[in-house]
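*Asks:* The lines below spell out each chain.
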Amino acid sequence: MASAFRWSKPLLGDVLVILVGLIFVTCLFKALWHNEHAAKLQIRLGDKIYATYSLDQNRNIDIQGPIGITRIVIANGKARFASSPCPNQYCVHQGWLSHKGQAAICLPNQVSLELLGGEKPFDSLNY
Amino acid sequence: MTQSSKNKSIEIQTTSDDHRIAKLAAFAIGLHLIEAVLPSPLPGVKPGLTNIVTLFVLYRFDFATAAWVSLLRVFASSLLLGNFLSPTFALSLSGALLSLAVLFFAQYLPRRYFSAVTLSVLAAFAHMAGQLLVVRVWLIPQSGVAYLIPIFMAAALVFGVANGLLTNYLLRINPAKLDEDKG
Amino acid sequence: MRFLVLLFALILSACGKEPLVQTKSYVFGTLVDISIYGETEDKAHEVTTHILQDFQRLHHQYHAWQSDSELSKLNQTFANGKRPVEISPELAQMLMQAQVLSKKSQGLFNPAIGSLIGAWGFQRDEFTPIEINDLAIQKLVQSNPQMSDIVIKGNTAFSKNPAVKLDLGGYAKGYALDLALVELQKKGVKNALVNIGGNIIALGQHGDKPWRVGIQHPRQPKPMATLDLPSGWAIGTSGDYQRYFEKDGKRYCHIIDPRSGYPAQSTQAVTVLIPASPQAGVLSDVASKPIFLSAPDQRANAAKAMGVEHYLVVDAEGKVMLSASMNQRVHWLAKPATIVMQ
Chain A
1 MASAFRWSKP LLGDVLVILV GLIFVTCLFK ALWHNEHAAK LQIRLGDKIY
51 ATYSLDQNRN IDIQGPIGIT RIVIANGKAR FASSPCPNQY CVHQGWLSHK
101 GQAAICLPNQ VSLELLGGEK PFDSLNY
Chain B
1 MTQSSKNKSI EIQTTSDDHR IAKLAAFAIG LHLIEAVLPS PLPGVKPGLT
51 NIVTLFVLYR FDFATAAWVS LLRVFASSLL LGNFLSPTFA LSLSGALLSL
101 AVLFFAQYLP RRYFSAVTLS VLAAFAHMAG QLLVVRVWLI PQSGVAYLIP
151 IFMAAALVFG VANGLLTNYL LRINPAKLDE DKG
Chain C
1 MRFLVLLFAL ILSACGKEPL VQTKSYVFGT LVDISIYGET EDKAHEVTTH
51 ILQDFQRLHH QYHAWQSDSE LSKLNQTFAN GKRPVEISPE LAQMLMQAQV
101 LSKKSQGLFN PAIGSLIGAW GFQRDEFTPI EINDLAIQKL VQSNPQMSDI
151 VIKGNTAFSK NPAVKLDLGG YAKGYALDLA LVELQKKGVK NALVNIGGNI
201 IALGQHGDKP WRVGIQHPRQ PKPMATLDLP SGWAIGTSGD YQRYFEKDGK
251 RYCHIIDPRS GYPAQSTQAV TVLIPASPQA GVLSDVASKP IFLSAPDQRA
301 NAAKAMGVEH YLVVDAEGKV MLSASMNQRV HWLAKPATIV MQ
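For the record, the sequence lines run as chains A, B and C.
If you're matching positions, the first sequence starts at 1 in my numbering and goes up one per residue.
If you're matching positions, the second sequence starts at 1 in my numbering and goes up one per residue.
If you're matching positions, the third sequence starts at 1 in my numbering and goes up one per residue.
Hints may contain errors.
Stated by the list, open to error - Here are the computed distance ranges between Cβ atoms for each label pair:
| id | chain 1 | residue 1 | chain 2 | residue 2 | range |
| --- | --- | --- | --- | --- | --- |
| 1 | C | Ser88 | A | Trp96 | 45 to 51 Å |
| 2 | C | Ser231 | A | Asn76 | 41 to 47 Å |
| 3 | A | Asn76 | C | Asn144 | 54 to 60 Å |
| 4 | C | Gly81 | A | Trp96 | 52 to 58 Å |
| 5 | B | Leu79 | A | Thr52 | 50 to 56 Å |
Said to hold, decoys possible - One-sided excerpt, in silico: chain C residues whose CB lies under 7 Å from chain A:
| id | residue |
| --- | --- |
| 6 | Tyr26 |
| 7 | Asp33 |
| 8 | Asn195 |
Calculated directly from the structure, the hints in this document are not laboratory data.
Here the structure is a predicted model, which is why all the values come from computation and not from measurement.
A virtual CB, placed ideally from N, CA and C, is assigned to each residue, including glycine.
Isolated chain A (complex conformation):
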């Protein structure tokens, strides 16, 4: 190319299109970039969030609560209370959590499980 490359003055329409393009791309990132594949398990102990684990890695988690050690098992993309020191074992009876939004709790040992993500169809559960 013979002549020097000079920037021409940007036209109003061009700038507009570029801005809209930027917004569009940003929204795409926001909308599509939230790890859809692996659901996450959030474990709470007492008031605080104890840990968050991806469900795509099998593991056992032992948590020390007020009355003893609760064991949580993640396997095959699902999670459950495997054992807990509570006398009634309600938490263990809840079985496998597999869908986003599902939750289980061991009240005596103050451990709760929740599969994050998914649109919860309600704000709070009455029971």
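Once you have looked at the hints, place chains B and C on chain A.
*Replies:* This is chains B and C only, laid out in the frame that chain A set:
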């Protein structure tokens, strides 16, 4: 077309415009081939330099010509590369078609406010969208593709702007009344 | 140019997160979940902490079996004789309110049967099967402790019947909900949702749509329905699936029928929906119990007596019965096999 019973040669009348278009089409094919051979950081992400040719033709000639050049490029390149009717060809064609469709309308945008940069960005998004559509519907029908869409669209935006700027430059140094030897 | 940048920034911020602050805590011997919408994080945390402290206080002050709670001390004096004892104005008010409700429920809501509840082992943090001593149970039933046995004058109280032992388990959570609502309004919070062990009260809305609550399925680990909770309304459920033990294949839950001395057997769950009122929380806790304890053909009457218009019953076989007005509000997630309207 003239045909004489004694003279068996066939003459096709061509104009200087035809020559120019042929040169531009050849140039476009050349660019396509080069891009096909160059490694890219991410599969599917290419600078799309051939869009510059398409746009240039659109500005200097008309939409129909640009469409010809673009489609000629797609078919000829795929024949030359040996992937005619393959998935690669489908991607190339879908991108070109959708991008042309958008340009068909975008060409009427007032030149006072919108330069080739706008058309290039719009064409780039359309091109990418056309390709992603083929990927999603035909080639890889899983939702894993969703993860890549923002990246591809961001690349489309960046290259769209770059190509648009280059096109503006080329248009500026090759003003409307062309000498046959240049460009 | 600058305008465009501002516009861009504005649009970006709109794609941002919603201002919902949710806190979960273990108070009242159960899980408390407070959601505050539309306030700054600092204010939401400040208000929540304050309310949780209130709950702690209520929990300790009116604890049914910790011997150093105000309630236990009152129970002691009830057992020892008829001498009037001074009590806090709050407790006096609670007891009077409970008396009115007990009367309305024809005695099915009876917080004076603490001894019976203790006999079944439900006055502990954990429940294990007990040896069922029918004789002892019958004796307790015959001693007939009633709320009407308590005489409250000003800030003093005494009981005409030494068998009266107060257990506010079926009342305190509801009372706490009403208290929380007042606190929230005092602090200027416009939108919140308070859940104490499953009992919920709503304030305002969740942004531009009403607060929505799920109703737990009595036998499966998932919700069976959802409904919208308008501002000031409360919802409560009495169920046999939360506090119970199983013995010889039979389930014994913590809701005791004062007439028989035995846990109710005819129902899995009763959910009541209470419109806004200063007592909405209390009613959401109390009003489900008489319906739960009633025989199938008496449930509608029990609801009427408590002034409850919107209620849902899952009976022992899993059959669902609900009032017409409740039916209009409920969105089923898994429509049950049998639904009967009352």
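*Asks:* Each hint: holds or not?
*Replies:* Hint check results:
no., hint, in the structure
1, C:Ser88 / A:Trp96: 45 to 51 Å, "48 Å, holds"
2, C:Ser231 / A:Asn76: 41 to 47 Å, "43 Å, holds"
3, A:Asn76 / C:Asn144: 54 to 60 Å, "56 Å, holds"
4, C:Gly81 / A:Trp96: 52 to 58 Å, "56 Å, holds"
5, B:Leu79 / A:Thr52: 50 to 56 Å, "54 Å, holds"
6, Tyr26, "5 Å, holds"
7, Asp33, "6 Å, holds"
8, Asn195, "5 Å, holds"
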